[in-house]
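Engineer: In UniProt numbering, the protein residues as written are 1 to 228.
Please note that the accuracy of each hint is not assured.
With a cut-off of at most 20 Å between alpha-carbon atoms, the simulated DMTMM-like pairs for lysine to aspartate or glutamate come out as follows [as the list claims (entries may be wrong)]:
| id | residue 1 | residue 2 |
| --- | --- | --- |
| 1 | K186 | D206 |
| 2 | K42 | E74 |
| 3 | K9 | E32 |
| 4 | K42 | E61 |
| 5 | K112 | E81 |
Label-pair distances were calculated between CB atoms; the ranges are [as the list claims (entries may be wrong)]:
| id | residue 1 | residue 2 | range |
| --- | --- | --- | --- |
| 6 | Q194 | E38 | 39 to 45 Å |
| 7 | A209 | T2 | 29 to 35 Å |
| 8 | Q189 | L24 | 30 to 36 Å |
| 9 | K197 | A64 | 42 to 48 Å |
| 10 | A209 | A64 | 39 to 45 Å |
| 11 | D126 | S79 | 23 to 29 Å |
These aren't lab readings, by the way, just hints derived from the structure by calculation. The structure displayed is predicted, hence computed values, not measured ones. Ideal Cβ placement from N, Cα and C applies to all residues, glycine included.
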Amino acid sequence: MTLIIVGAKISTFTRTIRLALEHLNIPYELLETLPHEELAYKYNAFGKIPTLTDNDLVVNETLAIRRYIDHINEHHTKSLEPEGIQKLLQVDQWVSIASDYAFRELILAISKPRQGMEGKGQCEADIQASLKNCLDRARVVLRAIEQHLVSGKVQENGWLCGSSITWADLFMFPVFADFASLPERKLMQQESPQLWKWYQRFAKTDIAAKTFQGTVADQRKESHQSSL
1 MTLIIVGAKI STFTRTIRLA LEHLNIPYEL LETLPHEELA YKYNAFGKIP TLTDNDLVVN
61 ETLAIRRYID HINEHHTKSL EPEGIQKLLQ VDQWVSIASD YAFRELILAI SKPRQGMEGK
121 GQCEADIQAS LKNCLDRARV VLRAIEQHLV SGKVQENGWL CGSSITWADL FMFPVFADFA
181 SLPERKLMQQ ESPQLWKWYQ RFAKTDIAAK TFQGTVADQR KESHQSSL
């Protein structure tokens, strides 16, 4: 039976799981719902997304879904986990950075508030003023990520944890794909140029293209085109 992912195309964590399944060529069906809607509560008592179902098995929380995907994929040649404990630890560090610092300071503090203010018709000057303190915190996070990239000796044409895509890339990319669609992307370009280069490389992959529809970046692109 095909796996079912209960989630939303606009959700960064749902996109992480979809990226993984696309990369590993594991068939799945997306059952669409936003958080805290009836369908979300049907599969998760907290109303959160994503949820993965496999026959009667229901897996909540992105990290648990990650573990299950690794389990069902363990005998295949393509893997999202690198060889060696040092690389495995690096992957977990990047997953934590994406899920905590980056998501909190870039998505919750900047992306979502900006979209809300734009939706209410607030002018750009007012939006910038409202986000000023948040932008200062974002700079700190982006500088720290840049230091982490440099200290980890990420190769110019490689990925975050080696020569192949890992969970590190899949957790980081959706956050920065959303952030890069905002005017505030200039902060990433200025404060974390290596991160910006990595983002641009990943954005050109086929799995990024396959999961683009319905994302914040996609919606902002459509909104911009309709206003021209």
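Engineer: For the pair supplied as a hint, K186 and D206, is the alpha-carbon distance within the 20 Å limit?
Structural biologist: Given pair K186, D206 is violated - Cα atoms ~25 Å apart, limit 20 Å.
Engineer: Given a hint of 23 to 29 Å, does the C-beta separation of D126 and S79 actually sit inside it?
Structural biologist: 48 Å, violated
Engineer: Given the hinted pair K112 and E81, is their alpha-carbon gap at most 20 Å?
Structural biologist: Not satisfied, since the Cα-Cα distance of roughly 31 Å exceeds 20 Å.
Engineer: Given a hint of 42 to 48 Å, does the C-beta separation of K197 and A64 actually sit inside it?
Structural biologist: 32 Å, violated
Engineer: Look at the Cβ atoms of Q194 and E38 and judge whether their distance stays inside 39 to 45 Å.
Structural biologist: 43 Å, holds
Engineer: If I claimed the Cβ atoms of A209 and T2 lie 29 to 35 Å apart, would that claim hold in this structure?
Structural biologist: Violated - the Cβ-Cβ distance for A209 and T2, about 21 Å, lies outside 29 to 35 Å.
Engineer: Does K42 pair with E74 here, judged by a C-alpha cut-off of 20 Å?
Structural biologist: 29 Å, violated
Engineer: Is the gap between the beta carbons of A209 and A64 within 39 to 45 Å?
Structural biologist: Once the Cβ atoms are compared, 27 Å apart, the range 39 to 45 Å for A64 and A209 is violated.
Engineer: Below or equal to 20 Å on CA atoms is what counts here, so check K9 against E32.
Structural biologist: 8 Å, holds
Engineer: Would you check the hint for K42 and E61, treating anything up to 20 Å between C-alpha atoms as holding?
Structural biologist: 14 Å, holds
Engineer: Please check whether Q189 and L24 have a Cβ separation lying inside 30 to 36 Å.
Structural biologist: Once the Cβ atoms are compared, 31 Å apart, the range 30 to 36 Å for L24 and Q189 holds.
Consistency note: the structure conflicts with the earlier hints numbered 1, 2, 5, 7, 9, 10, 11.
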